[in-house]
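Take a look at the letters that make up each chain.
Number of protein chains: 2
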Amino acid sequence: MKRILVLGAGLSSGYLIEYLANVCEENSWLMTVADGNFEALKARTSKYPTIKAKRFDLEHEADAEVLFRNHDVVISLMPAFLQGQVATYCLKYRKHLFTASYCTPDIKGMEGRVKSYGLIFMNELGLDPGIDHLSAMQMIDKIHAEGGKIHTFYSYAGALVSPESDTNPWHYKFTWNPKNVVLAGQGTPVKYLENDKFRYIPYQQLFKQLTNISVEGQGDFEGYANRDSMIYKEIYKLEEVKTLLRGTLRRPGFAKAWDILVELGLTNNEFVVENANKMTYRDLLESFLKPDDSMTIQERLLKHTGRAEDKESLAKIEWLGIFGDEKIKLQKGTPAEILLELLERKWRLNPEDKDMIAMQHRFLYEKNGKQYEAIAELTVVGERSPHTAIAKTVGLPLAIGTKLLLQGHLSHLSGVQLPTDRAIYEPILNELKDYGVIFNEKIREL
Amino acid sequence: MKRILVLGAGLSSGYLIEYLANVCEENSWLMTVADGNFEALKARTSKYPTIKAKRFDLEHEADAEVLFRNHDVVISLMPAFLQGQVATYCLKYRKHLFTASYCTPDIKGMEGRVKSYGLIFMNELGLDPGIDHLSAMQMIDKIHAEGGKIHTFYSYAGALVSPESDTNPWHYKFTWNPKNVVLAGQGTPVKYLENDKFRYIPYQQLFKQLTNISVEGQGDFEGYANRDSMIYKEIYKLEEVKTLLRGTLRRPGFAKAWDILVELGLTNNEFVVENANKMTYRDLLESFLKPDDSMTIQERLLKHTGRAEDKESLAKIEWLGIFGDEKIKLQKGTPAEILLELLERKWRLNPEDKDMIAMQHRFLYEKNGKQYEAIAELTVVGERSPHTAIAKTVGLPLAIGTKLLLQGHLSHLSGVQLPTDRAIYEPILNELKDYGVIFNEKIREL
Numbered sequence: 126m127k128r129i130l131v132l133g134a135g136l137s138s139g140y141l142i143e144y145l146a147n148v149c150e151e152n153s154w155l156m157t158v159a160d161g162n163f164e165a166l167k168a169r170t171s172k173y174p175t176i177k178a179k180r181f182d183l184e185h186e187a188d189a190e191v192l193f194r195n196h197d198v199v200i201s202l203m204p205a206f207l208q209g210q211v212a213t214y215c216l217k218y219r220k221h222l223f224t225a226s227y228c229t230p231d232i233k234g235m236e237g238r239v240k241s242y243g244l245i246f247m248n249e250l251g252l253d254p255g256i257d258h259l260s261a262m263q264m265i266d267k268i269h270a271e272g273g274k275i276h277t278f279y280s281y282a283g284a285l286v287s288p289e290s291d292t293n294p295w296h297y298k299f300t301w302n303p304k305n306v307v308l309a310g311q312g313t314p315v316k317y318l319e320n321d322k323f324r325y326i327p328y329q330q331l332f333k334q335l336t337n338i339s340v341e342g343q344g345d346f347e348g349y350a351n352r353d354s355m356i357y358k359e360i361y362k363l364e365e366v367k368t369l370l371r372g373t374l375r376r377p378g379f380a381k382a383w384d385i386l387v388e389l390g391l392t393n394n395e396f397v398v399e400n401a402n403k404m405t406y407r408d409l410l411e412s413f414l415k416p417d418d419s420m421t422i423q424e425r426l427l428k429h430t431g432r433a434e435d436k437e438s439l440a441k442i443e444w445l446g447i448f449g450d451e452k453i454k455l456q457k458g459t460p461a462e463i464l465l466e467l468l469e470r471k472w473r474l475n476p477e478d479k480d481m482i483a484m485q486h487r488f489l490y491e492k493n494g495k496q497y498e499a500i501a502e503l504t505v506v507g508e509r510s511p512h513t514a515i516a517k518t519v520g521l522p523l524a525i526g527t528k529l530l531l532q533g534h535l536s537h538l539s540g541v542q543l544p545t546d547r548a549i550y551e552p553i554l555n556e557l558k559d560y561g562v563i564f565n566e567k568i569r570e571l
Numbered sequence: 126m127k128r129i130l131v132l133g134a135g136l137s138s139g140y141l142i143e144y145l146a147n148v149c150e151e152n153s154w155l156m157t158v159a160d161g162n163f164e165a166l167k168a169r170t171s172k173y174p175t176i177k178a179k180r181f182d183l184e185h186e187a188d189a190e191v192l193f194r195n196h197d198v199v200i201s202l203m204p205a206f207l208q209g210q211v212a213t214y215c216l217k218y219r220k221h222l223f224t225a226s227y228c229t230p231d232i233k234g235m236e237g238r239v240k241s242y243g244l245i246f247m248n249e250l251g252l253d254p255g256i257d258h259l260s261a262m263q264m265i266d267k268i269h270a271e272g273g274k275i276h277t278f279y280s281y282a283g284a285l286v287s288p289e290s291d292t293n294p295w296h297y298k299f300t301w302n303p304k305n306v307v308l309a310g311q312g313t314p315v316k317y318l319e320n321d322k323f324r325y326i327p328y329q330q331l332f333k334q335l336t337n338i339s340v341e342g343q344g345d346f347e348g349y350a351n352r353d354s355m356i357y358k359e360i361y362k363l364e365e366v367k368t369l370l371r372g373t374l375r376r377p378g379f380a381k382a383w384d385i386l387v388e389l390g391l392t393n394n395e396f397v398v399e400n401a402n403k404m405t406y407r408d409l410l411e412s413f414l415k416p417d418d419s420m421t422i423q424e425r426l427l428k429h430t431g432r433a434e435d436k437e438s439l440a441k442i443e444w445l446g447i448f449g450d451e452k453i454k455l456q457k458g459t460p461a462e463i464l465l466e467l468l469e470r471k472w473r474l475n476p477e478d479k480d481m482i483a484m485q486h487r488f489l490y491e492k493n494g495k496q497y498e499a500i501a502e503l504t505v506v507g508e509r510s511p512h513t514a515i516a517k518t519v520g521l522p523l524a525i526g527t528k529l530l531l532q533g534h535l536s537h538l539s540g541v542q543l544p545t546d547r548a549i550y551e552p553i554l555n556e557l558k559d560y561g562v563i564f565n566e567k568i569r570e571l
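Chain order of the listed sequences is D and F. For the first sequence, our numbering gives the first residue as 126, with consecutive numbering after it. For the second sequence, our numbering gives the first residue as 126, with consecutive numbering after it.
Since the hints were derived computationally from the structure, they do not count as laboratory data.
Since copy identity is lost for identical chains, a pair holds within one copy or between any two.
The calculated DSSO-like cross-link candidates involving lysine-lysine, where the alpha carbons are at most 27 Å apart (straight line), are:
#  : residue 1 : residue 2
1  : Lys403    : Lys362
2  : Lys567    : Lys362
3  : Lys436    : Lys333
4  : Lys267    : Lys495
5  : Lys457    : Lys233
6  : Lys177    : Lys217
7  : Lys428    : Lys471
8  : Lys322    : Lys454
9  : Lys304    : Lys316
10 : Lys415    : Lys367
11 : Lys415    : Lys428
12 : Lys381    : Lys333
13 : Lys381    : Lys415
14 : Lys358    : Lys240
15 : Lys333    : Lys428
16 : Lys322    : Lys415
17 : Lys403    : Lys358
18 : Lys457    : Lys322
19 : Lys428    : Lys381
20 : Lys403    : Lys454
21 : Lys452    : Lys436
22 : Lys316    : Lys457
23 : Lys267    : Lys567
24 : Lys403    : Lys322
With the sequences and hints as input, model every part of the structure.
Have a look at this one:
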């Protein structure tokens, strides 16, 4: 009998648990869902009498030992910073691991042991990273099989709000980890490949270097570069590629306004503002600006951050309410934490809102002396929470991948993996179609 | 018999060792100079037969134990990142500690034990921090004693090159730790007080927020804010102050050109450029720029960093040679490390060059219903290396302070200290006059 352990019963676990509950019932497998939050556990598992719900603290090693020992594969939905600890337990108790998190150097460093124990640690099997890898590899393998040589590959994805629920001038609401949005571009240096040359984008330039992208039926977006794209040249087996960039999608105008907050210092996470709750948001803005009685605070903000007239961006910032006399809610915090607390209220996805994910791959390649462009596009619109597009597109690949493992379809794979093998991307992409996750592909000669 | 241990025999130790060698001879005290570099040790100590030179590795605890046990006070000229280790040894073996480094939270945290053992850990007793504290406190105590209320205090200092040795368009050469210059503003958040409000300057704004400063007889400078000025409100006993800013001096135009390198990303110390030695400096620049065949690389650099016509800054950057085809010397390194290696050659203080330090305090205060301005200015021009102005102004305060301790003049002080007590600032400032370190003071009614 196969036994699955799911760590994390947060909002994003809904589709995953639902899918695996059915699979377990069909196959007489067992599943345990573990989380520190009892309410979340109840909400996610009470519908399924066969699922065991277990309150669990990763720090408590005796509990962890019992849990890990009694299962065959661990699906971790834990925050990125805890994945190293989860992987360490998986090594210790010799269990397979499936996650949607980025593969870190820590986990990469476990490769030798994971392989020698005959385990799979499958990383980046969610949406982005995840479905982007699956669909990119499917197209790359197809173009290569036909004798094509890919010189350019752009891949963009974004978790956004559906147009019908788009009620703010940023055209954005949080559908995923808000902290990652506020800190985007900090910590991990942004690198990509262009015309066979390495390119670097420092944080202060990231939201200035934008690309316009149109997705059929969904209108216009803008894209900015995401993390280190260069490592995917090897991962995607694209030895021939000269330009390779992975990026994040937002609606046009988002980045230009966000960059004002970046330039001002409001996304800074390196120092703490003490007694923040005695300040208004306007006070906080003032602490970054030079006083000048001849200008309004709005004019000073634009001048200070090097903008001339930029009424559109200013309107977005006005909408946040930070020129007003509202008191800051946190007692103390970094500017980024204070901004995060505000944005979590302003950019909240309400229960009746629908989210949307958009993804676009664009390949330029040569075949038989001719130049081609291939585009693959995906849009998924969510239903009411917890049936969001993001929960679906993060949870289902993990769930289907785990099923494939337990059915023995991945027995040729071992070690620290990304989902680039045909044995994993093909069945997952096929099954995702049943859930409306369908790529639209277009190829044309240039 | 008193015994002094000097850790570090680098370039900056010349004046300190010379001064203390004479003091030791007069008083029949003993001194040991310890360093990992035997050449440096020889160069610094061979003139003084009574000084013991000891090759020493801080990591080797058995050696450290013998050294620390056999002395009464430790003067540490070690790099800032090793001061915590030195302080830990001083606690363990119950020795006084004198340094020119900034007091860190680590060392601050030792306050209880330092005090209970009856020790002094004297920090920030060099030039900046150091002489700035001594002279600021002297003026503050004087103004307070006369019943003045100080509402504004600006304090700027810079280690520069003397005009007669100024041979480059940046009007700057390295006279102190070059790494600190390249990384200035990174790591430690910049904060100050203005009109009774906290102000923050994020890194990307630091070199844009400049103040013009003229020092009598030395011409014009520009100043940018340095670290956290707000903590000095309490340290300087300036409860009444509304504006308090400590800053760094450069010759006009330096910061505007430096800011182009900052905006571009060349001061980034967070990611490594691999195979750097296969690239030219121009290649490195290109890796941050967008390609555009219709513009020169110089034009693209200015456009990319948001400058219109800025020929003066461009001339400074041209002078560094980074538009040319010279190969990078490092095999790999962060952009900041690659820039540092280049600048260490370009901004080298040659043996025949003279350095210069400049400092200016400016107080605005009220006394008997009238408004006053008090300015105290210091300039020191160095002689041939190792008799630089920086070695003199960093080494002598430490040396004199240590003498005061051993003569029993600081017996009323204990714990983790900054040099703000009259018993330390007055004798040091008086004795510094013999060495030409003399403040020029001007007071006028406004």
